[in-house]
Amino acid sequence: MAPRTRPLSPHIKIYKPQITSILSITHRLTGVALAFGALLLANWVISATYGAETFAQAQGLLGSWFGRLVLFGMTLALFFHLGNGIRHLTWDMGKGFALPQLRASGIFVLAFTVVMTVVTWIAAYAVAGGS
Amino acid sequence: MEMRSHLGRIRGLGSNNDGVGQWKLQRLTGVALVPLTIWFIYSAITLAGADLAQFKTWVGAHGNPVLLILLIYTMFQHAQLGIQEVVEDYIHTESTKLALIILVKFTAVIFGGYSIFAVLRLTFGG
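Top line first, the protein sequences correspond to chains A and B. Sequential numbering of the first sequence, starting at 1, is according to this note's numbering. Sequential numbering of the second sequence, starting at 1, is according to this note's numbering.
If you're looking for bench data, these hints aren't it; they were derived computationally from the structure. The structure presented is a predicted model; accordingly, all values stated were derived computationally and were not measured. Be careful, since some hints might not be right.
[To be verified] Calculated pairs, DSBU-like style, for lysine-lysine (alpha carbon to alpha carbon, straight line, at most 30 Å):
#1 Lys16(A) x Lys95(A)
#2 Lys95(A) x Lys97(B)
#3 Lys13(A) x Lys97(B)
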């Protein structure tokens, strides 16, 4: 095939970072992270078919400080991707493109992410009895 | 109406005529994942520190196995489409791009298939 010599659009570095562009790339990054989270979920379920000891190991790993750190990151990524995904769906319906609306919905998604992550972890610690 | 030049088409430039289906499926799985992930987060909270017996009870209870299988299926489909989009955007060497897309598809099918099988096994015993 002939080498690609078609013109490219201006490089990302010439643009000033804005809430729209930052949230856009964050949607991608969290999506990629959550794809690894999907593998983690699959491994968790699969580990249960290998018996009580293997499942206890998996639970122990997820409950370790490192496991909790990863799961906390996954919770943040999930609520962001969920909130921003719904934002994307409203755009697909042709709504919310005015700049003030874009800014407001972006800030709302960020607030939703933080609040829901905190609520989820408070609930998880309440269930696990702070262990 | 054909908007592309013959030369562009013969060089493989532009659309591969296959994007709309993927775009729609990405949205459809996204919509399905909204309630499924909310259900899963709620469930995962209740399973913090659970042992195997508790986990099996949860997996097999009521509609849980169905929801879990739907979650796994939809989640891997959505993830595969998303990663493919990222690969298509940033990898411009045709062979590397194709190899990565195949790798991502295989990974999604293997892990999705195996974990769905695991849910069935945990539900029906054995």
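Status of the hints after comparison with the structure:
1. With a C-alpha separation of about 25 Å, the suggested pairing of Lys16(A) with Lys95(A) holds against the 30 Å cut-off.
2. Under the criterion of a C-alpha separation no larger than 30 Å, the hint pairing Lys95(A) with Lys97(B) is inconsistent with the structure, at around 34 Å.
3. With a CA separation close to 24 Å, the supplied pair Lys13(A) and Lys97(B) stays within the 30 Å bound.
In summary, the structure is inconsistent with hint 2 from the numbered list given earlier, while agreeing with all the others.
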